[in-house]
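Single-letter residue listing:
Number of protein chains: 4
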Amino acid sequence: MSDIKKVVLAYSGGLDTSVIVRWLQDTYGCEVVTFTADIGQGEEVEPARAKAEALGVKEIYIDDLREEFVRDFVFPMFRANTIYEGEYLLGTSIARPLIAKRLIEIANETGADAISHGATGKGNDQVRFELGAYALMPGIQVIAPWREWDLNSREKLMKYCEEHSIPVDFSSSKKKSPYSMDANLLHISYEGGILEEPWAEAEEDMWRWSVSPEAAPDQPTYITLQFEKGDPVAIDGERMSPATLLEKLNKLGGANGIGRLDIVENRYVGMKSRGCYETPGGTILLKAHRAIESITLDREVAHLKDELMPRYAQLIYNGYWWSPERRMLQAAIDDSQSVVNGEVRLKLYKGSVTAVGRRSADSLFDERIATFEDDAGAYDQKDAEGFIKLNALRLRIAAGKGRELT
Amino acid sequence: MSDIKKVVLAYSGGLDTSVIVRWLQDTYGCEVVTFTADIGQGEEVEPARAKAEALGVKEIYIDDLREEFVRDFVFPMFRANTIYEGEYLLGTSIARPLIAKRLIEIANETGADAISHGATGKGNDQVRFELGAYALMPGIQVIAPWREWDLNSREKLMKYCEEHSIPVDFSSSKKKSPYSMDANLLHISYEGGILEEPWAEAEEDMWRWSVSPEAAPDQPTYITLQFEKGDPVAIDGERMSPATLLEKLNKLGGANGIGRLDIVENRYVGMKSRGCYETPGGTILLKAHRAIESITLDREVAHLKDELMPRYAQLIYNGYWWSPERRMLQAAIDDSQSVVNGEVRLKLYKGSVTAVGRRSADSLFDERIATFEDDAGAYDQKDAEGFIKLNALRLRIAAGKGRELT
Amino acid sequence: MSDIKKVVLAYSGGLDTSVIVRWLQDTYGCEVVTFTADIGQGEEVEPARAKAEALGVKEIYIDDLREEFVRDFVFPMFRANTIYEGEYLLGTSIARPLIAKRLIEIANETGADAISHGATGKGNDQVRFELGAYALMPGIQVIAPWREWDLNSREKLMKYCEEHSIPVDFSSSKKKSPYSMDANLLHISYEGGILEEPWAEAEEDMWRWSVSPEAAPDQPTYITLQFEKGDPVAIDGERMSPATLLEKLNKLGGANGIGRLDIVENRYVGMKSRGCYETPGGTILLKAHRAIESITLDREVAHLKDELMPRYAQLIYNGYWWSPERRMLQAAIDDSQSVVNGEVRLKLYKGSVTAVGRRSADSLFDERIATFEDDAGAYDQKDAEGFIKLNALRLRIAAGKGRELT
Amino acid sequence: MSDIKKVVLAYSGGLDTSVIVRWLQDTYGCEVVTFTADIGQGEEVEPARAKAEALGVKEIYIDDLREEFVRDFVFPMFRANTIYEGEYLLGTSIARPLIAKRLIEIANETGADAISHGATGKGNDQVRFELGAYALMPGIQVIAPWREWDLNSREKLMKYCEEHSIPVDFSSSKKKSPYSMDANLLHISYEGGILEEPWAEAEEDMWRWSVSPEAAPDQPTYITLQFEKGDPVAIDGERMSPATLLEKLNKLGGANGIGRLDIVENRYVGMKSRGCYETPGGTILLKAHRAIESITLDREVAHLKDELMPRYAQLIYNGYWWSPERRMLQAAIDDSQSVVNGEVRLKLYKGSVTAVGRRSADSLFDERIATFEDDAGAYDQKDAEGFIKLNALRLRIAAGKGRELT
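Chains as they are written, first to last, in the numbering used here: chain A, 1 to 406; chain B, 1 to 406; chain C, 1 to 406; chain D, 1 to 406.
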């Protein structure tokens, strides 16, 4: 344990990671560099500076990563209409590779030989942090205190604080919730507490980002979302930066009760776990992206994307953002998006979002052909006969030889 | 054209297919057998008898296929959580193979040498009817009047009626709608009219099966749906036949504004088309099926199903229900469903359906392992280190050799 | 038929396409532009000029497309280790998109409004030519004489020649074979004749490009093939252009009895057909490409490529080279190839090709870790326990709940 | 370590596993049950009895599992035309789940609470054994001596033998090879030694099961292989049991130099490793199985199988035979095989195997349609026009809107 000289810690400023600072100093006799990022979790990050200083930390990094997060991670992921297990929008998963990347950058800048984080040994986040770190800096060492120490209860943590003079008000307010929570610009998540019983309904006062559908306005809200190359760039004609736009969508969605999710998901480490999520802006964005793709993407490209998507979602969920296979899939996905331009009109109402209109200079919708009216020869209905006959040929030959289909 | 002696026609009793009866008699000089099925479209089928008799039809088949439709087609499809292009629940597509099957059975019973239908040459339904027919009876002939005749406008059709003494009240009431509609126990669809402009919002009075979310009750409705082997068998503890259950879900969904959909889809014949759908019961069923699977299915089985699903959906959409590849995929899907048993509690509210609880004797959710509390050794957090290290090994080797990931 | 003014014909100079020239002139009263390409079929293309002139053709295109063919079509395809139905190296399929592209370029240059080709209505080639043409020039008209005329036997063709004064020596020598043949730099194919009986063994004298394994030298030939970015660039240290390199591989393979194939394949138009192929160079190239990838590609990238490959092969076989979905897959494939550099040593012997050595500056093979000997701590065997334990967790939970696996 | 009372050891009778017997007895103070299986490795298994007895083992299991191995593992795998990474026939991988299954059966019979094996911590076999064991008996404990002890060199092992009076002639003859070898009825494998340098060609005297292609007979051998439901049942008309048949194919293949393979593969534990394999019978079987499928399988079924195969191969390679996802894929594969009946005629010659004929009562090859001659109307070439036109429609619409494909 003596050969670690300096460790970069993903530091929230909360109780747990403050304990980790001290524990690392004591256990490894090493210097600790703290890294605190604003990725839109909705809490001030600047207070982490004083707390770190109080713990004797000399190198303190506090970064606003919101734009990078949305531009380089969230939006590329939404280009694929990514959903894990049919439901989950990967709000936690997609933030981890960015944190891993910054941890390694800081390790390089500060000459640290290790990184550390506050994720437990049961969850996905440890995997995501560490796979990313190893992929970006193969010789890095990783210290995961929750897998090493024996402070595995709140009481032991508090006792440790006392013994090591760690001010208990380091405990952030959010930790008083009965739930384990995580938030960033894409979502907020809830686990633990009564959610550990999958039959129990989540309590209304758990949700923080959205009003309940019941409490949402009685009148729908309409917005128009504009896309360029698969990414949203403007709301109701107003161009915004990625983070600003997602924040605005979160407000619109939250106000209309949109984006709540309650699921049981399969973790990469092998267990099922119950999670509740609020992803207001992401839920709107997914619907809108599919709608703009519906008129601009070629059919076979769209289908291929749908077939690749579950794999892509698994990669991100499992922590393989920083992998050559994710990059390879991204190359295919991005190749499809140059034509995904245009506008989608959306109706937000009491928990649901509906695409009610879509238009694009790149539209492949051809009203002359699609029409139920006379199409003036744009489409020759007689072609359908040959189309069907040859598509049926293999089936007819088989049936002719007595093949059964049941 | 002279060698067709008897043709079985999928006959709705409406204007179009009544014209087809006469047109077949005149054009092919053949006998017409009519087949009218109740698949839950919500219209009486018995009146078709008198209409067919008036047209001189001697062999008239009127079948109630509702239970078979839901049991053998809808439910097997939902076992796969089937969605086409991320949105469409395949309400029209899944009814066609049943019609094709009955057409062929009746052709066999009556010694007919051809079948006929009223689908146009631009749509998917012609393909679905004909692929099914050819697959089940390879020597059958198919007459698709809309691809052959020149009655390609309402005016010409009406004129034909006049000239051939077809009573115009044959025109069913639903045809007075500006939309082309199709309905069965799973859904009702709308195409044409102003929908041909993808930017135009569907008018509120178009929708027939559901109240608008705005008009839905201000209080949520809770129901519990019970599954056995992947199929729903009871609502709130009351066992029902498949068709009864789906009908009940339709009522519950419709009353809560659930299941409206407005999309642009890619037809198999090569064009994009706008469609609006109401699938109230199916929307509830999909959500519930995913929820019961979330606690009973193995992770890798669930992921494999998700990866196969788009292909399976394409097969059904394109008309390949009666094909060996659909059967092969079904074998895999069905193999996964023996453990999909249990109950899902659902909240229906103003257009959205949420799974709020799920439980099962076959649950794989293991609260002892998943807990954030002390798990008494059920899970050894130290295992995670080796897990991550070996999963990272290939990435570390590559990074160690200088591979870049961006 | 009168509205075609000028048609570009893919003209081989042989009997069939010479008849087509005249038939087009007579039937459509249009001007015919001939296009003859050298894609390595092993016959002089220049004689086609005099033949076309004799038929009154004024615009005659004769192109040497060998380098473009190999560089832009064959090599990109081999980057994916492409095989159709587990056996076929797509020698015919991959030449068609290039022909389609040139036909359209020439149509643009000459102001033609149609293209024509000599492929029959039963085969894949008509599909490949026409899909490519439509994709590149949507308004183009296509004339496929074999689907239109009634010259469906050799006798009728000869009679037509007589009546229209077409010199019968236009019939190319290769047409005297009992087989229908096609050749280019990648392969030569044989269909028809006794091959129409799948139980009959192909006769030894059918094969033209390779000696029989029995007749091949009794000593193996060793070569070293060098790759850059997934493409072969040198043989035994000598750099060559793409076409030169493939030609050289064909010679080496042919002399060693390599690359014969005898299969029954599934055509896109719905029937099974027997084909025999000689692909000497391609067979060597495939083996070598897999070998260089085996040490340079990441595991998951390699597996993803293997899973995508059958789809990619189907696209090419079915004629969708010029499609957005092929381009999308190509983007993923090409993304993987920047690291596919290095050398493969191959043993060629009496019909088989074996990779006996492979090395690369980009190798991911890490002998320190892979060794059976003491690895000095490069790999911690204890990591394997956690790796296995967590990978087994879902299986153990399921088994603990009584799940059966048989 | 004290709580293990009885352990079932996969015991070869060789030096390594004999040391393990003693080490287990000493380290865990537990009883050891030995299990030795004949899976066709070509060595007597009965001598293991005396050796185990000499080590004080009281419960000794010696089983002939050859028929079960081929019938229930090898043949089901070949139904999928399974190849890992384009080359490897999974000869080692497919034997492990059977051993795991018997270890657990014996643990149940003898009341053992643990299993043990002699696989190292770097390889795939530990994973395959242990995943299987955990999946079949979730509470089982696993002892993997190579991951625990410090006997990590031949010298230390020999010293241990001396100190613990283990007769050194326990060392089996095969261990004198410079290679690490493994054999069963499907193949023999070689790793280590000079093979750890991927550029080095394997030495001729390494290979044990096959003559070199150079040394094989100068005359080809022809055989006919008969299939029922996808499995081979007879050679040249003589019905044989599965193990007998595979043994016979091994002899035929080996005598003709067939089935040698030299590859670098990607292990599940994250490293690349060089392996050489001889799979004479399997190589013949794969070729023959594809050939019989080529005339009996529907095209889309065949393509779906090809797309699923790499995933299925990975499952087996990685040790997930005993998993619900493997069973799910198997259900799909097996569903396809009921029609895979008939005969394939094969030519074996100096290292290569060629299918020269195939026939079946279930053939879908329709010579009336496939013929180049007049087909008497079996196929209407005009159908191809509509087929192409509609398949091209989406491409034409896109091109018409200016979409580029390059």
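If you're looking for bench data, these hints aren't it; they were derived computationally from the structure. Hints may be right or wrong, so weigh each one.
[Said to hold, decoys possible] Quick list of in silico lysine-lysine cross-link-like pairs, BS3-like style, CA-CA up to 30 Å:
(1) K156(D) with K401(A)
(2) K382(B) with K156(A)
(3) K251(D) with K156(D)
(4) K229(A) with K156(A)
(5) K156(D) with K6(D)
(6) K347(C) with K159(D)
Cross-check of the supplied hints:
no., hint, result
1, K156(D) with K401(A), "violated (67 Å)"
2, K382(B) with K156(A), "holds (19 Å)"
3, K251(D) with K156(D), "violated (39 Å)"
4, K229(A) with K156(A), "violated (52 Å)"
5, K156(D) with K6(D), "holds (26 Å)"
6, K347(C) with K159(D), "violated (43 Å)"
When each numbered hint is compared with the structure, violations occur for hints 1, 3, 4 and 6.
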